[in-house]
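Engineer: Listed below are the residues making up each chain.
Protein chains: 2
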Amino acid sequence: MKRVNVGVIGFGTIGAGVVKILLKKRTLLKKRTGIDICLKKICDRDFSKDRGIGKVPQNLQEKDWRKVVNAPDIDIVVELVGGIGIAKDIVLSALKNNKIVVTANKALLSEYARDIFSIGTPETNLFFEAAICGAIPVVKDIQEALVANRIKSLYGIVNGTCNYILSKMFEDTLEFEVVLKQAQKLGYAEKQPGLDIDGIDSAHKLSLLSLLAFGKYVPPETIPTEGITNLELMDLLFADEMGYSIKLLAVGNDTKQGLDLRVHPALVPYEHMLSSVEGVFNALYLQTDEAGDMMFYGRGAGRFPTASAVVSDVVDAARVIVSPDVPSARQEIEFSPRLSEVSCRYYVRFTVVDRPGVLAKISGILGKNNISIASVQQTERAKAGSNTVPLILITHEAAEKKMKKAISEIARLDVVKKEPVVIRIVDL
Amino acid sequence: MKRVNVGVIGFGTIGAGVVKILLKKRTLLKKRTGIDICLKKICDRDFSKDRGIGKVPQNLQEKDWRKVVNAPDIDIVVELVGGIGIAKDIVLSALKNNKIVVTANKALLSEYARDIFSIGTPETNLFFEAAICGAIPVVKDIQEALVANRIKSLYGIVNGTCNYILSKMFEDTLEFEVVLKQAQKLGYAEKQPGLDIDGIDSAHKLSLLSLLAFGKYVPPETIPTEGITNLELMDLLFADEMGYSIKLLAVGNDTKQGLDLRVHPALVPYEHMLSSVEGVFNALYLQTDEAGDMMFYGRGAGRFPTASAVVSDVVDAARVIVSPDVPSARQEIEFSPRLSEVSCRYYVRFTVVDRPGVLAKISGILGKNNISIASVQQTERAKAGSNTVPLILITHEAAEKKMKKAISEIARLDVVKKEPVVIRIVDL
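So the sequences go chain by chain: A and B.
The opening residue of the first sequence carries number 69 in our numbering; numbering runs sequentially from there.
The opening residue of the second sequence carries number 69 in our numbering; numbering runs sequentially from there.
Excised from the complex, chain A in its bound form (with noise of 0.2 Å):
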């Protein structure tokens, strides 16, 4: 039996996770594939650390990764020291050594695409199914469930933390700061919790969802992205009303006239399956010219299911290895602009002064820019001592640009009294 050498750096969470695979599932390994895979090396600066996986034999650790990366016996780099610092190095020397690489690591590989997908290539030297959604399939199953498809949208829930913070602000009528703060403590988000709640993490994702999917590359930086921090418990309940959900989608068209790719808050129909998505769980929701409409759903983070999507690509890199000639030729990645206009429904929640002949400057203000309203909703839910109260619009489809003039124009209303809560509505 072929046997194939892997060597992982980073002995973190997901680390010590794909570890416990490796040395637990062996023989199952070896069944399943006819490839003996053979954890080699576990490099990390400090193993002192409990892990939770019992005792790991002292022959496999190693302090320096570039022993790793340069030992001519190791077949497969798996990168889980995850960041842009020190992972770039990694995954670049790797690489360039002739290993296949397997990361986790989206935020460098959506951040350094150009000089990492230049060497690495997906399929064949470069394995990231982790990365994305993790142990859902999501990479395999666009690359080659779909290979037949043009895919033409796809709408995903790709940051448990956003997802699990929204539910439970719903699920137990509690507003964001409150579960923020429970889900801290919990572990589901970080204590600088701005990569996942300001949608940048998200972004990430989108990234990387776009090459695979489209093709094309657009860099994170430049995908227009907006959190879920601005959301209150009301416009839930709203939103609740009106039948929908409020989820941090990203969002990704690939339409004649450009792409389009943003990350924001957006109302979900209860009928659509993305609504019913709760939780830590991720989902993944496609529309393609052949198969038709897919979801693949399952969750996103933890040790053990990131993990196995590392193990499955560990497997997929090592059938690359004993079968050498699998053709390397892949669709060529088109780095590529994004669309600048589009369109949806809105939904709108201003913050206004109890009084009358408020809504007939904020609707001037909107037809004035060729937004039309498609309903009102004024409900008393001001607390006691305050003179403000919400006023709910949802419009008729309007262009992104014209209602953000529209938008800023009537948060100088001196009747409005925060800043307006802007959410897109998904026809899905």
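What the hints contain is simulated information worked out from the structure, not anything from laboratory work.
Keep in mind it's a predicted model, so treat the numbers as computed, not measured.
Cβ atoms here follow ideal geometry from the backbone N, Cα and C, with glycine treated the same way.
A couple of the hints might just be wrong.
[Claimed, not checked] DSS-like, lysine-lysine: derived pairs with alpha carbons at most 30 Å apart:
{"no.": "1", "chain 1": "B", "residue 1": "K92", "chain 2": "A", "residue 2": "K284"}
{"no.": "2", "chain 1": "B", "residue 1": "K88", "chain 2": "A", "residue 2": "K220"}
{"no.": "3", "chain 1": "B", "residue 1": "K92", "chain 2": "A", "residue 2": "K220"}
{"no.": "4", "chain 1": "B", "residue 1": "K88", "chain 2": "B", "residue 2": "K131"}
{"no.": "5", "chain 1": "A", "residue 1": "K164", "chain 2": "B", "residue 2": "K98"}
{"no.": "6", "chain 1": "B", "residue 1": "K284", "chain 2": "A", "residue 2": "K88"}
[What the hints assert, rightly or not] Here are the computed distance ranges between Cβ atoms for each label pair:
{"no.": "7", "chain 1": "A", "residue 1": "N438", "chain 2": "B", "residue 2": "G347", "range": "35 to 41 Å"}
{"no.": "8", "chain 1": "B", "residue 1": "E245", "chain 2": "A", "residue 2": "K472", "range": "28 to 34 Å"}
{"no.": "9", "chain 1": "A", "residue 1": "E245", "chain 2": "B", "residue 2": "G347", "range": "36 to 42 Å"}
{"no.": "10", "chain 1": "A", "residue 1": "Q445", "chain 2": "B", "residue 2": "V246", "range": "35 to 41 Å"}
{"no.": "11", "chain 1": "A", "residue 1": "Q445", "chain 2": "B", "residue 2": "P424", "range": "27 to 33 Å"}
{"no.": "12", "chain 1": "B", "residue 1": "Q126", "chain 2": "A", "residue 2": "T192", "range": "36 to 42 Å"}
[Stated by the list, open to error] Away from chain A, derived, C-beta distances all over 12 Å, residues of chain B:
{"no.": "13", "residue": "R100"}
{"no.": "14", "residue": "E191"}
{"no.": "15", "residue": "F244"}
{"no.": "16", "residue": "D422"}
{"no.": "17", "residue": "Q445"}
{"no.": "18", "residue": "D482"}
{"no.": "19", "residue": "V483"}
Knowing the structure of chain A, use the given hints to seat chain B on it.
Structural biologist: Chain B alone, transformed into the frame defined by chain A:
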């Protein structure tokens, strides 16, 4: 560039879809895979019928399947004849001639697993993604993405016809027979619908799923199978009031006591993702040891969704051909008997005479059989001129054998006027 030659046998709905994709997307597939996948022959007895994909070049047409299976320059044989007659000869002859076989034929594979899987091996020379859940990559995801996992349980909505009928009954408040006739008119149900509505097609798929997910083969005819023909609209309405939808499920549990496989209608709680699967869509929900819970959702039938899966198999087969070093060791398939004793909660609807003392009689029999009642509902829904009313019971967890015994005893009471409707509650 390496070229791989394909022969498609069976030029019906799916066959014509595969032919169209292979011809239209040859260049795209070249770009994506680095292999030239060349359609060499299309085989059918009759090419005069318009298949809605335009003219097929004369030189591709072949009427004798043996010529395709024996052609030295054909690498991949795609069997889309269907049924278990000639299709069996085609698949076995092609495998014996060292062709790689791609098929969508669940009846053939599940009923003749012993003959076929003794020479055909998934991932090596026998591909059948399209046989289960159409476009949804359940075979690939179980075998490859979840390679590091033990699958504990699976719950599948694997028959689009049944799911369409149940969805439509509830949505339009119509009885089974009415919706079945509509579905037949729309082409969603066959004129002889037994294979679908009696659950047989689901049992075929479950037999294959068991083989993939648990590595254990159970002949489909030994899987306890119930269809949807005795469900009435009121069952869907009662279930709805209690917070459930009713779905025809294919259930598999790999327990320490043995394998539990079954096909039957089930109450699925609204909070669960599977209850959102509507219309002709299919879904497979998996519980795994490392990756946690997952669900795959999409079109389970139809020309292009099914053809999309067939073409993805053709591409995987082509990769095996151009790199013949892919290891052929696969997990051994166990031929397995199934677990006979399972228990669950039950929904039971009795049609009883509207008279005091009826509930006492029924609950007496249940109690004698150690089945305890969780709730009772006796809503007045009897039609005018009838002296019977529906009596709905929800039981606590009860063993299947005891339940059957109790129900047959109750059915013989003179106050019970119709065969009781018994539906399992699947607590996910």
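Engineer: Given a hint of 36 to 42 Å, does the C-beta separation of Q126 of chain B and T192 of chain A actually sit inside it?
Structural biologist: holds (39 Å)
Engineer: Should the label of D482 of chain B as a non-interface residue stand, given a Cβ cut-off of 12 Å to chain A?
Structural biologist: holds (45 Å)
Engineer: Kindly confirm whether 27 to 33 Å is satisfied by the beta carbon distance between Q445 of chain A and P424 of chain B.
Structural biologist: The hinted range 27 to 33 Å is violated for Q445 of chain A and P424 of chain B, with Cβ atoms some 51 Å apart.
Engineer: Taking 35 to 41 Å as the stated bounds, is the beta-carbon spacing between N438 of chain A and G347 of chain B within them?
Structural biologist: holds (37 Å)
Engineer: Between K164 of chain A and K98 of chain B, is the straight-line Cα distance small enough, at 30 Å or below?
Structural biologist: holds (27 Å)
Engineer: E245 of chain B and K472 of chain A, beta-carbon distance inside 28 to 34 Å?
Structural biologist: violated (55 Å)
Engineer: Holds or violated: K92 of chain B and K284 of chain A, Cα atoms, limit 30 Å.
Structural biologist: Holds. K92 of chain B to K284 of chain A sits at ~22 Å (cutoff 30 Å).
Engineer: Confirm or reject: F244 of chain B is not an interface residue toward chain A, with every Cβ-Cβ distance exceeding 12 Å.
Structural biologist: Given a closest Cβ separation of 23 Å, the condition holds.
Engineer: Next pair to validate is K284 of chain B with K88 of chain A; report whether the Cα-Cα distance is within 30 Å.
Structural biologist: The hint holds at about 26 Å.
Engineer: Taking the Cβ atom of E245 of chain A and the Cβ atom of G347 of chain B, is their distance within the range 36 to 42 Å?
Structural biologist: holds (41 Å)
Engineer: Do the alpha carbons of K88 of chain B and K220 of chain A lie within 30 Å of each other, as the hint requires?
Structural biologist: Roughly 19 Å between the alpha carbons, so the hint for K88 of chain B and K220 of chain A holds.
Engineer: For D422 of chain B, which was marked as not at the interface, is the minimum beta-carbon distance to chain A over 12 Å?
Structural biologist: Per Cβ check, D422 of chain B is outside 12 Å of chain A; nearest 38 Å; holds.
Checked against the numbered hints above, the structure breaks hints 8, 11, 13 and 14 and satisfies the rest.
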